[in-house]
Amino acid sequence: MDNLLGKSSDAGDRAVRVLLAEDEFLIRLDVAETLRDLGWHVFEVSTADEGIAIIDGGTQIDLLLSDINMPGERDGSDLARAVRSKLPGAKIVLMSGLVRARALPDQLFDLFMPKPVLDLQTALLTLMASQVPTR
Amino acid sequence: MSEAITHVLLVSGDGLERTTLGEYLRGCGFHVIEAIDGDEAAIALETKSIDIVVTDVQLRHHGSGHSISAFAKKQDPSIEVILVSNVEQAVKTAVDLCEEGPAEVLPYHPEKLMRRIQELRGR
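Which chain is which? The protein sequence lines are R and X, in order.
Here this note's numbering is used: the first residue of the first sequence is -3, the next is one more, and so on.
Here this note's numbering is used: the first residue of the second sequence is 2, the next is one more, and so on.
Keep in mind that the hints were calculated from the coordinates and are not lab data.
Distance windows between CB atoms, simulated:
hint	chain 1	residue 1	chain 2	residue 2	range
1	X	Glu112	R	Asp52	26 to 34 Å
2	X	Gln76	R	Gly85	20 to 28 Å
3	X	His110	R	Gly85	41 to 49 Å
4	X	Lys75	R	Ala97	41 to 49 Å
5	X	Pro111	R	Lys82	26 to 34 Å
6	X	Tyr25	R	Gln103	31 to 39 Å
7	R	Thr118	X	Pro111	31 to 39 Å
The C-beta atom is built at its ideal place from N, Cα and C for all residues, glycine as well.
Generate coordinates for the entire structure from the input sequences, incorporating the hints supplied.
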């Protein structure tokens, strides 16, 4: 499929697509700009419900970067399960200042980043360059 | 139920403007996906759940509100598009291209925009 500018969107010759779910809008704004500085495409949502709607709608992403505790019917772990189910090739990074990584099932995420998140670009570039899940 | 929720794709190169309007629309009960330019909007429009596109006419990066509008209508003619702009000439252009729908001029009133979305959704 061609995108708006007529470029191919086939995997391999396109920018990384990131679904960013974070309800703290100042954090979301900062993280989104950090990711766009890498040349990646970012879709910003504020709740897991919004993110799940995107995934259920068929949008292809390469990376989910999600907070865990967010308002709405579902949380970041539900969003991660939806991505694992629909897009098994996508990498999943969960962030939280409240939840510990060991409280989550290992298969639910490739990387856990406690808040405040530090050196996000390096961590994500390493993750996206790797084929082996990093925990 | 999720079937009744209106999904809005909000496109603006101005992060604070986008975030502010996005939070307002979420407070009105809409689901909002935020994108910064035409490339991100095009990918987001791959999803089948977008009902309304609210986009700046002029974007800082790839594409314009007009090209996003045309792409959205090509993807799904039932998608409603609201163009916003703080450049009067751009709004006139948008109005001339009436198939792309009505335009709101910045600084627009968020409540007015919310009502416009509800009207487009037949509520």
